[in-house]
Amino acid sequence: MMQFGKQGWHLGRSALLALTVLGFVPAANGQAPAAGLPLEEQVEVCADCHGENGNSTTPEIPSLAGQPALTITNQMIYFRETLRNNDVMTPQAQGLSDAEIEALAAYYAKQPVSPAPDLSDLDSRRYEQGKTLAREMRCASCHRSDFSGNEQMPRLAGQREDYLIKAMKDYRERNRGGPDTTMIDILRDVSNEEIEALAHFLAHYESQSTSQ
Amino acid sequence: MKLARSTLAPMLLAIGGLATLGITTQALAQDDEPAWAQGRPDSLQDAPMAPHAGKMTQTPKEELPLDHIRLPDGFNAEVWAHGMPGARMMALGDEGTLFLGTRSIGRVYAVMDNGDERETMTVANGLTQPNGVAFKDGSLYVAAINEVYRYDDIESHLADGNVPEPVELTDEFDLPDDEHHGWKFLAFGPDDRLYVPVGAPCNGCDVDADVHATIRSYEPDGTDMRIEARGVRNTVGFDFHPETGELWFTDNNQDWISQHIPSDELNRISESGEHFGFPACHANGFVDPERGSEGACDDITYPAALMGPHTAPLGMRFYQGDMFPDEYRNAMFIARHGSWNRTMNSGFDVKVAMISDDGDSASTSTFMDGFLDPRTNEFSGRPTDVQELPDGSLLVSDDQNGAVYRITYEAPDY
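Top to bottom, those sequences are chains A and B.
Taking the working numbering, I'd label the letters of the first sequence as residues 1 to 212.
Taking the working numbering, I'd label the letters of the second sequence as residues 1 to 414.
Honestly, the hints are just simulated from the structure, not real lab data.
Glycine is no exception: its CB is placed at the ideal position from the N, C-alpha and C atoms.
Don't take each hint at face value.
Capping the alpha-carbon separation at 25 Å, the derived lysine to any residue pairs in SDA-like fashion look like this [said to hold, decoys possible]:
| # | chain 1 | residue 1 | chain 2 | residue 2 |
| --- | --- | --- | --- | --- |
| 1 | A | 131 | B | 47 |
| 2 | B | 61 | A | 47 |
| 3 | A | 131 | A | 192 |
| 4 | A | 110 | A | 47 |
| 5 | A | 131 | B | 115 |
| 6 | A | 166 | A | 193 |
| 7 | A | 110 | A | 169 |
| 8 | B | 61 | B | 35 |
| 9 | A | 166 | B | 34 |
| 10 | A | 169 | B | 128 |
| 11 | A | 169 | A | 69 |
| 12 | A | 131 | B | 272 |
| 13 | A | 169 | B | 34 |
| 14 | A | 166 | B | 42 |
| 15 | A | 131 | B | 42 |
Covered stretches of chain B, as calculated for chain A (at least 3 residues, CB under 8 Å) [said to hold, decoys possible]:
| # | segment |
| --- | --- |
| 16 | 55-69 |
| 17 | 186-200 |
| 18 | 365-373 |
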């Protein structure tokens, strides 16, 4: 039985012509900067946008710290397989092996979520509105009752508010791509105001629940 | 309606109060439910039942659950190919290349058998759930949602180290593009036509009986569509009887009615166009609590065998080889992918179905199991399809581990 080494990848349908034999040449073009580096150097590449230890300080860029490993793995596979197309992340995933992706996912799953975001912007009315919506929409049935995520379902608690808004709007408007259509169905008729309230509640959830 | 959080409670509710349940279900706003949760009653909104997360990364050979596999005496399992995340339905080329479709990961794999070694490659990627693969006259057919491609002379191209540019047949087949139950299974019939299912785009719903919940057949170029069967909710596996040529198929029944009913099915088409019951009549005469009424099961063809509730019988093949004992000849091997809509898992095995003397029905028993540990309710693999090799051995794909096992037989020396 042959053993498989690093796999080569190619972009999209145009790649139907290319033949990839497992264990041989990785795609020559479109290799991500992080591919093949040791983990500690890979996470420096990620940190440029996703922050030190995966706690993002960049607008609309998600925190990875404390995400379930399978959440990160699946999204990276979707990017690499060009099933989810994002100008930044699809190229960043090219050439990463399954094992590299799993190691990165395991690393970020273990990183602690940064302590309480600045609470000065907490709007208790919107927080309560978001809390009610989250209950009505049963977010916890997949994302867990503390919104810490589960398997392929991401952590929402403590995520950047602007990223949560962007992600939910992208799902609703079918701009996000990816094979999983669950969130598209759920957000179909949710208004901007409701999305903003949900995001406000979830972004502040951790700090609020621990400070009580 | 208050419900204790116990395993049995949902069953008692469903059996004891079907009428109530129907009303409850109807009252729910379904628009913002994900596809898999359609029909979930209010009382089960927080129940821990949801489709199992698939795995889209390679499983190392040493981590494959080969040691878990149990088979009747004389049978043996080995790892035949691995490292193909999500590998599902199989088709065998004339030169011995095995082709495998996938769902989430969007790839089609090819495995070339070089005797002791197998060489595995990705021949297509970036497709939307390319689950259906079939091989005919040197060409590989791939069906995704909603695209159909044909790769001509694929095995000679692969031998030269390349993949032929596919011929796109999407417009010719003109299949609906619904995501829900829109993934395909493909097989050529003895009439040289290509058989393609079109599943119901829902858990349970009213459908146009000439469009959804059908099995269709086409000329290989996508022309001359015929409806071969109606009322088929979601079949992901069929094969043709080696002697009668009749089409036998598996069918997956509705979720959330109960953990214990209706049963999934093994069916036989004796006349083209027969109706198998969806959405009003399930399994062997179970009237749908919401869409069925008295007489819903009149003129419905009942299953040849019941495969168990939510067990997800998928790929199946008639066995025609010489390697296994005579009793297996013209019997069907059926891969049961395993349940998610039960709190006690069920399936995750391969059944064998032997046809009755009159040819109308079949009796089933377990052929391969061990992936499901009933003590912990955990599973280590998910049989997805079966494929006989020319030497009479049987391949079983496992999409949870991206592996293919080969089952051989040698008469035991008792």
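With the threshold set at 25 Å, check whether the alpha-carbon distance from residue 131(A) to residue 272(B) stays at or below it. 55 Å, violated
Distance restraint between residue 131(A) and residue 115(B), which requires alpha-carbon spacing of 25 Å or less: Answer violated: residue 131(A) to residue 115(B) is near 61 Å, above 25 Å.
Are the Cα positions of residue 110(A) and residue 169(A) separated by 25 Å at most? With Cα atoms ~28 Å apart, residue 110(A) and residue 169(A) exceed 25 Å; violated.
Holds or violated: residue 61(B) to residue 35(B), with C-alpha atoms at most 25 Å apart: With a Cα-Cα distance of about 34 Å, the restraint between residue 61(B) and residue 35(B) is violated, given a limit of 25 Å.
Does residue 42(B) lie within 25 Å of residue 131(A) when you go C-alpha to C-alpha? 20 Å, holds
Three residues or more, CB to CB closer than 8 Å: is that satisfied between the segment 186-200 of chain B and chain A? The restraint on the segment 186-200 of chain B is violated, since only 0 of its residues have a Cβ under 8 Å from chain A and three are required.
Please verify the coverage claim for the segment 365-373 of chain B: does it have three or more residues whose C-beta sits within 8 Å of some C-beta in chain A? violated (count 0)
Is residue 169(A) within 25 Å of residue 69(A), Cα to Cα? Holds, because 24 Å separates the two Cα atoms, which is no more than 25 Å.
For a C-alpha distance cap of 25 Å, please report whether residue 166(A) and residue 193(A) respect it. Given pair residue 166(A), residue 193(A) holds - Cα atoms ~13 Å apart, limit 25 Å.
Would the hint linking residue 166(A) and residue 42(B) be met if the CA-CA limit is 25 Å? Measuring from Cα to Cα gives roughly 30 Å; hence the hint is violated.
Between residue 166(A) and residue 34(B), does the CA-CA distance stay at or below 25 Å? Roughly 20 Å between the alpha carbons, so the hint for residue 166(A) and residue 34(B) holds.
Taking 8 Å as the C-beta cutoff, is the stated coverage of the segment 55-69 of chain B by chain A satisfied by three or more residues? Coverage by chain A holds for the segment 55-69 of chain B (4 residues, Cβ < 8 Å).
Violated hints for the displayed structure, listed by number in ascending order: 2, 5, 7, 8, 12, 14, 17, 18.
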